[in-house]
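Asker: Taken in order, these protein sequences are the chains called G and U. Sequential numbering from 567 applies to the first sequence in our numbering. Sequential numbering from 2 applies to the second sequence in our numbering.
One should not assume that every hint holds.
Claimed, not checked - Only pairs whose alpha carbons sit at most 30 angstroms apart, straight line, appear in this in silico DSS-like list of lysine-lysine:
#: 1; chain 1: G; residue 1: K673; chain 2: U; residue 2: K120
#: 2; chain 1: G; residue 1: K673; chain 2: G; residue 2: K751
#: 3; chain 1: G; residue 1: K656; chain 2: G; residue 2: K751
#: 4; chain 1: G; residue 1: K867; chain 2: G; residue 2: K827
#: 5; chain 1: U; residue 1: K203; chain 2: G; residue 2: K589
#: 6; chain 1: G; residue 1: K827; chain 2: G; residue 2: K751
Just so you know, these hints were derived from the structure itself, not from any lab. Since this is a predicted model, take the numbers as computed values, not measurements.
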Amino acid sequence: MTNQIPPFDSGQQRLFGAGVNLKPQHYDEALSLADTQAQTSIDSDVWFEVHTENYFVDGGPRLRYLQAISERFPLSFHGVGGSLGSYTDKPSALTTRHLAQVTALVKRFNPVLVSEHATWSVSQHAYFAELLPLPRTEQALACLCEGIDRYQEAIGRSILIENPTNYLDFVSDMDEADFLMEALKRTGAGLLLDVNNLYLSQQNTGLDPIAYLNALASEKVGEIHIAGFDVDQNYPDELLIDSHAAPVDEAVWSLLETTIKILGAKPVLLERDDNIPQFSELMNERNRAQSLLLNSTKINKRQAVING
Amino acid sequence: MANSENTHADYINAFTQFMHSGNQNDVLPFLDGSRPAAFLSVYRNGYIKASIGALQSNFPCLPILLGEEFFGQLAAAYVQENPPAAATLVGYGFGLDSDEYATLSFIEYLNQRHADIVKQYPYLPDICALDQAWLQALNANGEDFLSLEQVQALIAQGEDLGALPLALVDSSRLVSLQYDLMELWSTLRFSEQTPSSAIELKLNDNTILFWQLDGRVQARPLNAAEAVFMQSLQHTNFDQAATAAAEIDENFDLSSLFADLLNAQLLQLKAAVESS
Numbered sequence: 567m568t569n570q571i572p573p574f575d576s577g578q579q580r581l582f583g584a585g586v587n588l589k590p591q592h593y594d595e596a597l598s599l600a601d602t603q604a605q606t607s608i609d610s611d612v613w614f615e616v617h618t619e620n621y622f623v624d625g626g627p628r629l630r631y632l633q634a635i636s637e638r639f640p641l642s643f644h645g646v647g648g649s650l651g652s653y654t655d656k657p658s659a660l661t662t663r664h665l666a667q668v669t670a671l672v673k674r675f676n677p678v679l680v681s682e683h684a685t686w687s688v689s690q691h692a693y694f695a696e697l698l699p700l701p702r703t704e705q706a707l708a709c710l711c712e713g714i715d716r717y718q719e720a721i722g723r724s725i726l727i728e729n730p731t732n733y734l735d736f737v738s739d740m741d742e743a744d745f746l747m748e749a750l751k752r753t754g755a756g757l758l759l760d761v762n763n764l765y766l767s768q769q770n771t772g773l774d775p776i777a778y779l780n781a782l783a784s785e786k787v788g789e790i791h792i793a794g795f796d797v798d799q800n801y802p803d804e805l806l807i808d809s810h811a812a813p814v815d816e817a818v819w820s821l822l823e824t825t826i827k828i829l830g831a832k833p834v835l836l837e838r839d840d841n842i843p844q845f846s847e848l849m850n851e852r853n854r855a856q857s858l859l860l861n862s863t864k865i866n867k868r869q870a871v872i873n874g
Numbered sequence: 002m003a004n005s006e007n008t009h010a011d012y013i014n015a016f017t018q019f020m021h022s023g024n025q026n027d028v029l030p031f032l033d034g035s036r037p038a039a040f041l042s043v044y045r046n047g048y049i050k051a052s053i054g055a056l057q058s059n060f061p062c063l064p065i066l067l068g069e070e071f072f073g074q075l076a077a078a079y080v081q082e083n084p085p086a087a088a089t090l091v092g093y094g095f096g097l098d099s100d101e102y103a104t105l106s107f108i109e110y111l112n113q114r115h116a117d118i119v120k121q122y123p124y125l126p127d128i129c130a131l132d133q134a135w136l137q138a139l140n141a142n143g144e145d146f147l148s149l150e151q152v153q154a155l156i157a158q159g160e161d162l163g164a165l166p167l168a169l170v171d172s173s174r175l176v177s178l179q180y181d182l183m184e185l186w187s188t189l190r191f192s193e194q195t196p197s198s199a200i201e202l203k204l205n206d207n208t209i210l211f212w213q214l215d216g217r218v219q220a221r222p223l224n225a226a227e228a229v230f231m232q233s234l235q236h237t238n239f240d241q242a243a244t245a246a247a248e249i250d251e252n253f254d255l256s257s258l259f260a261d262l263l264n265a266q267l268l269q270l271k272a273a274v275e276s277s
């Protein structure tokens, strides 16, 4: 763990409620939400998340919109190109350049959360534009921790790392929850728990989601993702793909409820990256997540009264 | 690891080979359980699909002209030979030329590897160049222009405008074309329509200037002297560029062009940018 970077603590979190990942076609509607947002509980606490790498530009409307959004709503940066699990002692120019660009954006926008993935995507001079799996070995863990440390040192704050979707099993020394918790312990990072990924890993590889959730430390979980998936056309009975191209499945909604019961209310982010629907449709899905969070909070408060 | 001698670096190298070639053999020793190794293709397919999608976004006129299927084949071959060399797909296909590594741009790739296709569709590189310049202008810094007020202030403090290190703004892109195809490109780019009849284009060397103004990309066709002036200004100063333009057109009017450039927010003060 880097001494200068305070470890992530969800108790210090400034973010509440449910958010949506923001797409360029929805910029104007998102901004108008700030003007029309009713002061009812379901509409409160809206926040937005963007893919950090989509803002690797020098200027233009994309950055202007992001500036306007950041002035009206809490904003979270979700990186997809950090390749934390393929860190090497001598980072390539590609890796160094990437981290410098992330750092500049974080410095400019000061997002409430910064997150990345417990995966890899860069090797030598190539970026594979996909979240590639890590075997859960001691060596891979050490490599991942180096990557997290390097990222956190560069941006000067702790990050969240996201659990992957599993399509196959790799020869490993430990299970995924232990692997991730150990990485958090060594680096001071927090966890972004993707409930859709957890569900797909259950369906694809037989992972036990309840045991997984019970193995996590609630205070280390800073955000939850939900999304839709696709059934693979060639292997419809065996393979579900993390596509973010469909509404959230009922099974994932159910697992989200279970997750909130076990870990408590956490900021929930609805992801949609393909087959993008109308903004209002995304907001309806987002509001369903918000209702779950509000109900959970009500129940917890009621329980606290009963417990005296 | 399956073999205790395998390191994490071995795993990354094996998977890297698979991502490049599609051959799963090197990854097999790292797999566990009974899941089919064929499922590894999810990762490679996702990478190739995302990269092709980026090329489609960055060169939107090509799939309209060539058809999505043929464009997809060309794009997949480009991805295979020139994987993204930056950990973002913004600008993928525009080429990278760093000290450490260089990749072919999609335009260079078409010219070098698919000369047969370029021979059949000779305007393709020009269309690509227009797509690329438009997007680069859109995503550039659009705030670095010298305003009229700043120029007036400089004059008021006794500056000689002719002696100032003026340059075109960072968002400016000059595109030299072989064909008269701005109209065709505009139709493809902004109405996303396939031309209703056979494309007949006139060979005509011409230059288009793109730049960003108030968050929108502007395009201006340049006459021969203006083109020489702008091209010269990229590596010389205002006086030298004006001299070069006057050699093409003895009636070249620098003061008129200067006013145009200033009004269009196309000029910046180089020293101010460098010191900021």
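Asker: Against the earlier hints, flag every one the structure doesn't satisfy and list their numbers going up.
Answerer: 1 and 5
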